[in-house]
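*Asks:* Two chains, each in its own frame: build the complex with the hints.
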Amino acid sequence: MNRILIIDDSKAMRMIVARTVRQAGFGDCTIIEATNGAEGLAAVRAQAPDLVLCDWNMPEMSGYDLLEALNADGKVPPFGFITSEGTPEIKIKALKAGAAFLIVKPFTVNALQDAVRGLQAA
Amino acid sequence: MSAAADAWVEATLGAADELAATALGYSGARVVAGRQAAAPVGVLGAYLPLIGARAGAHVGIVAEPGVATALSEALLGCPPSEEDTADAMAEIVNIVGGGVKSRLVELDNTLKLGLPVLVEGRLRSFARQQTISVPIEMGELPAWIVILLSLEE
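Chains B and V are the protein sequences, given in the same order.
Numbering of the first sequence is given in my numbering, commencing with residue 1 and proceeding in unit increments.
Numbering of the second sequence is given in my numbering, commencing with residue 1 and proceeding in unit increments.
It cannot be assumed that every hint is accurate.
[Claimed, not checked] Dumping the calculated EDC-like pairs for lysine to aspartate or glutamate here, alpha-carbon to alpha-carbon at most 16 Å: (1) B/11 - V/84; (2) V/112 - B/89; (3) B/11 - V/137; (4) B/11 - V/73; (5) B/11 - V/83.
[What the hints assert, rightly or not] Some chain B residues close to chain V (C-beta under 8 Å, calculated; not the full set): (6) 10; (7) 12; (8) 13; (9) 16; (10) 18; (11) 59; (12) 62; (13) 84; (14) 105; (15) 110.
Treat the hints as calculated values from the structure; they're not laboratory data.
Just so it is clear, the structure is predicted and the values come from calculations on it, not from any experiment.
Where a beta carbon is used, it is the ideal one built from N, C-alpha and C, also for glycine.
Next comes chain V alone, as it looks inside the complex (with noise of 0.2 Å):
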């Protein structure tokens, strides 16, 4: 894995970190298991683009639908509708990004974030992409991070 898709990862590992310790008010985040490359499916969540001049990528967090919805409700602090859920899996992913820009500025300075973009079920990539998947645990709630990475013509 290249040093630019490691620094991907630990940033989106770092954000959702410090999201699940203070606005979801769990312990925090952790890798339960190693890096995948294929994103898991039947799952529901956002992605978001960042996209800068010298780098790129699309950061999603996403979990079964019932675990969506224990996050969105530990956000909202209420129970949510679907449609909560889908903004509120939205704005998990959203503060995440900012977060990783923070993160990577000295791999990209011209970072910005784009508009969160919802999937439900599974993302399919191109083979001009890669895809880094990473169990975790937000909490005791299992979860992944999944990075669309787009590799160098």
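Just chain B, same shape as in the assembly (with noise of 0.2 Å):
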């Protein structure tokens, strides 16, 4: 795993997951941050991340607009959910979006790691 793409639109988040990754084991990967949904979208088309991290809630983009445009695409990467929104309709709407993964709010370095992990498995 060489890139990967956190998007959040909270700068507090961001550095937060950027620090988990590193500590889940990933601090070799390059992190590349957008702010929003349509942020990220140009971020993933111009540079191919290996997984995206991904907020729901964000203004001009929301995270789940983001997974179905790059569904539209017919190139979505391996992406997960970092949110805040953890109720049992929220994760089914992600999985079918083709969310590999969605991770409540506060998570674990742990929770990361072997969302990641399960991922790299599959």
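*Replies:* Laid out in structure tokens, this is it:
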């Protein structure tokens, strides 16, 4: 895994996710950041990340709308949500749209590690 | 206090306790005094709207500015700038809001999270709104949860 794209409108959350990515053993990866779904869509198209870690609620374009746009492109990179939205309905919606996992905040290093390793094993 | 207000307070306390014990690395959050009917003054914090078909409120986490900086540092893992503190307080209430939503599915399973807003000073409410403040400690740091409920017409 070379490039990880972190998409969140909160700078604080991007910092936390980047730190957790390093703590989870992916410190050698290049971290790319985007602040909403629209920026994230442009980043996916331009930089072909190996993993996208995306918030759900964001202004301009939500994480779910981004995933739908990537589905329309026909090219969805490995994609996981990290979000405060933890209801079963949201999880089902995310997985049906092609997300590999949904991690609910507050989350631990182990949760991210397990999700990404599960993705790599699949 | 209505059963709905009690449910909002308990859900917010539960979510704040979970946040404190995980993302902030403290022992948890605990109530240190009784509920108050006004928002605290001279504080910094963030509020998040949770609006559904049958229920709605703004949920806030606020603290004195120095404590807000300490909470932000606990979340980020490094000393925050002023901008980072604002962003971190917004993220704290965003995480708590997600926990509140999960805890209140039986009250209203249509609740949606809005985007957080930062408030510095004192929150002012309208006559048709009910303010509930609960002094808490996150770890050993004093803070408040504040819930702004819309009263029924």
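*Asks:* All the hints need checking, so say for each whether the structure fits it.
*Replies:* Structure-based check of each hint:
1. The hinted pair formed by residue 11 of chain B and residue 84 of chain V meets the criterion: a straight-line CA distance of about 7 Å does not exceed 16 Å.
2. This hinted pair checks out: residue 112 of chain V and residue 89 of chain B have alpha carbons roughly 12 Å apart, not beyond 16 Å.
3. A threshold of 16 Å between alpha carbons decides the hint, and for residue 11 of chain B with residue 137 of chain V the separation of about 26 Å lies outside it, so the pair is violated.
4. Proximity of residue 11 of chain B to residue 73 of chain V is assessed by CA-CA distance (about 14 Å); at most 16 Å being required, the pair is judged to hold.
5. Pair hint residue 11 of chain B plus residue 83 of chain V holds up; C-alpha atoms about 9 Å apart against a cutoff of 16 Å.
6. The closest approach between the C-beta of residue 10 of chain B and any C-beta of chain V is roughly 5 Å, which is under the 8 Å cut-off, so the hint is satisfied.
7. A least Cβ separation of about 4 Å between residue 12 of chain B and chain V falls short of the 8 Å threshold, and the interface hint therefore holds.
8. Evaluation of the residue 13 of chain B hint against chain V yields a held restraint, the C-beta minimum of about 5 Å falling below 8 Å.
9. Interface restraint check: residue 16 of chain B against chain V, minimum CB-CB distance 7 Å, threshold 8 Å, status holds.
10. For residue 18 of chain B, the interface hint is violated, the least distance from its beta-carbon to any beta-carbon of chain V being 11 Å, above 8 Å.
11. The beta carbon of residue 59 of chain B comes within 7 Å of a beta carbon in chain V, closer than 8 Å, and the hint placing it at the interface holds.
12. Because the smallest distance between the Cβ of residue 62 of chain B and any Cβ of chain V comes to about 11 Å, over 8 Å, the interface hint for this residue is violated.
13. Hint status for residue 84 of chain B relative to chain V: holds, with the closest Cβ pair at about 3 Å, below 8 Å.
14. At a threshold of 8 Å, the smallest CB-CB gap from residue 105 of chain B to chain V is about 5 Å, leaving the interface hint in force.
15. The interface hint given for residue 110 of chain B is violated, since its Cβ lies 11 Å from the closest Cβ of chain V, which is over the 8 Å cut-off.
Hint violations for this structure: numbers 3, 10, 12 and 15, all remaining hints satisfied.
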